[in-house]
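Protein chains in written order, with the numbering used here: chain A, 878 to 1182; chain B, 878 to 1182.
Some hints could be false.
Any copy will do: because identical chains look the same in the list, a pair fits if it lies in one copy or spans two.
[Said to hold, decoys possible] Result set (SDA-like, lysine to any residue): computed pairs, CA atoms no more than 25 Å apart in a straight line: (1) Lys1048 x Ala1160; (2) Lys1137 x Ala1171; (3) Lys1181 x Pro1047; (4) Lys1048 x Val1088; (5) Lys1014 x Thr980; (6) Lys1181 x Ile1121; (7) Lys1136 x Leu1151; (8) Lys1048 x Ala927; (9) Lys1136 x Val1088.
Hints listed in this document are in silico derivations from the structure and should not be mistaken for laboratory results.
This one's a predicted model, so the numbers in the text were calculated from it and none came from an experiment.
Number of protein chains: 2
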Amino acid sequence: MSDKATTSTGSVGVVGLGSMGSGMAGSLVAAGLDAYGFDVNSAAVDRFVAAGGKSGDLQDLAGRFSCVVLVVLNAPQTEQILFGPSGLAAKLGKGTAIIACATVPPQFAEDMAARCEALDLHYLDAPISGGSVKAAKGQLTIMASGADAAFAAAQPALNAMAERVFNLGPKPGTGSAMKAVNQLLAGVHIAAMAEAMTFGMAHGVDGQQMVDVISQCAGSSWMFENRGPHVVAGDYTPHSAVDIWPKDLGIVLDMARGKKFGAPLTAAALQQFLAASGSGLGAEDDAAVAKVYARNAGLDLPAKA
Amino acid sequence: MSDKATTSTGSVGVVGLGSMGSGMAGSLVAAGLDAYGFDVNSAAVDRFVAAGGKSGDLQDLAGRFSCVVLVVLNAPQTEQILFGPSGLAAKLGKGTAIIACATVPPQFAEDMAARCEALDLHYLDAPISGGSVKAAKGQLTIMASGADAAFAAAQPALNAMAERVFNLGPKPGTGSAMKAVNQLLAGVHIAAMAEAMTFGMAHGVDGQQMVDVISQCAGSSWMFENRGPHVVAGDYTPHSAVDIWPKDLGIVLDMARGKKFGAPLTAAALQQFLAASGSGLGAEDDAAVAKVYARNAGLDLPAKA
C-alpha cells in the first residue's frame, strides 16, 4: 500500500478552533474525515464536539494523526505547538503532514520545515484566504508550498477545507511570501474602502449607493464589496479584527525592509490600523478603521439599526 | 408627441473620439442610432466614419442632435466645447440632452448644469467607468445625476453605451462625487497592484503565479486583475495612461482638502503616479507605476516578449 493511501485514511487533528479553524474543522467532519479539534478555549471545543467532531488530549492522540492542521494566530504560537515544552512534533508519527496556516514570515516557514524534516515530518507552508464564511463552507483558497510528500499526505484534508489549493512548488516559504502579497493588498484595500466611503459621505454621497455603484465599477475590490456593507450597516461585529493588520502588515513591512523595498501605501494603511487599534478599536471588525477617518473629518458614520 | 418620443428618435453627436469616446460612438452605431463623431484628430474621425459612423461640421450639425455626448479629458475642455468662443450650447436645440462624461469636480458639474438649464438644455452629470474594452462593447457603467428630463432625453444613448446606468438622483454633482469615490479607489488599487507585484517579485514570487493566485483571494481588486497582467507581460501599451492619475487623484485631493478630509492612501498613491510621470512614463499604461517601485528596489521587471 502506498504512503498516500495510508495517509489518506488516517485521522486529522485541527489545533486552533477560532473563527477560521472551527469552520475548517467542521469542513473536515462534513467531508467524512475522522476529525479531532483542539483549543485552549473549551467552549470552542464543546461547540465542535456538539457538531459531530471529536476531541481529547492532544498529546495522547498525536500518534494517530496522518495530518495536523495548525490554525493559530502567528509564528510564535506555531513554533510553541510544534517545538515548545510539550511540543507536538516529537509525538507525531513519521510521515505525518503538518498543514501550517498562520500568516508568518517566509523565513520562519523555511526554518520550521527544516526542523520538521529532521523528524521525518512533512511541513506544508499553507496560508489560507477567504474569511470565516468560506472556511465554514470548505471553500477556502490555500496557497501552499512544500515537498510532494507533504502535499500527498495533506491532500484529503486540503480537499475538504478548500475550493482551490494552489501548489506553489517545493520550497517552504513561497506559500508565506504569496500570503504576504495577499495581505499587503487586503490591508491596503480595507483602508482604501474606509477612506473612500468616508470621503464620499463627507461629500454627501449615500453609503448604500456607494456600495451598489462602486461594486459594479473599476474601483471595486473583494474587500470593498465585503467590508463596505459593514460600514453602511454600522455593524462592527469582528469577522476579522482590526488587530490582525498591525500584525500582518508588520510582517509585510519587515519583509520589505529586509529587501530595501519601499512600500508607501502599505505603510500608510498600517498607520490607519494603528490609529484604530490605539484608540480602542482593536477588537472590532477591521472595517472600523473607517471610524478613524470619520473622527478626523468630524463625520458621523451610520449607526447600527 | 411627447418630448421623450421626439428626442428618442433624434441624432446623437459624440465629441471626443479617444480610447473611450471612439468605443462609445461605435456602440451608438451598433445600436442603430444616427450617430455623428467629432474630434480634433482627423484620423480618429476617419476611423469612425470607416466603421459606419457619420461626421461633418459640428457647428452646422448641432441643431439636429437630440443628445450630445462629451467624452473629453477634463473640466476645461468640457467648458470650452459648451461655452467657448464657438460654444456648442448656443447652437443646440432646446431640450437637447448633454451627457457629460469627463471626470470633473462636482461643483463644476453643478455650474455647467445651471448654465445649460438657462438655455433650456438638459445637462446630465454622467461619468463613466469600465475602460476602453467595455466602452467598445457598449458595456460601460454610467453613474449619472440630473433632472428627469435629462435622463429621458439621454436614455437611448445611455442604453446603447452602458450595461448599467445608475440614476443617482436629480442633483448635478452627485455623479461626479461618485466618480471621485471610484477614482480614489481605482488609483489606490493600481498603485497597490504595483506595490504588491514588485514586493512579491523582490521575494522571488513568480508574477504570473501572483496574478493567478491573488485573483482568487481576498486581496483581489478589479484593477489588480486588469492591470497585473500588463506587468507580467511587460506590456505598457496605454489603455489608460499614467497621466490620468495626477489629474483624477488631484481632483479627489482638492475635494478632500475642501472638506478638511485627510486621505493618506490617496496622497501616497498620487506621489507614486507623480514619480512615474516625472520620470517620463506619463504616456505609458498606468501599470507602469510598477516601474517606479522596481527602480527604487533595484528590481528587473518582466520585459515584453
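Numbers of unmet hints, in rising order | 1, 3, 8
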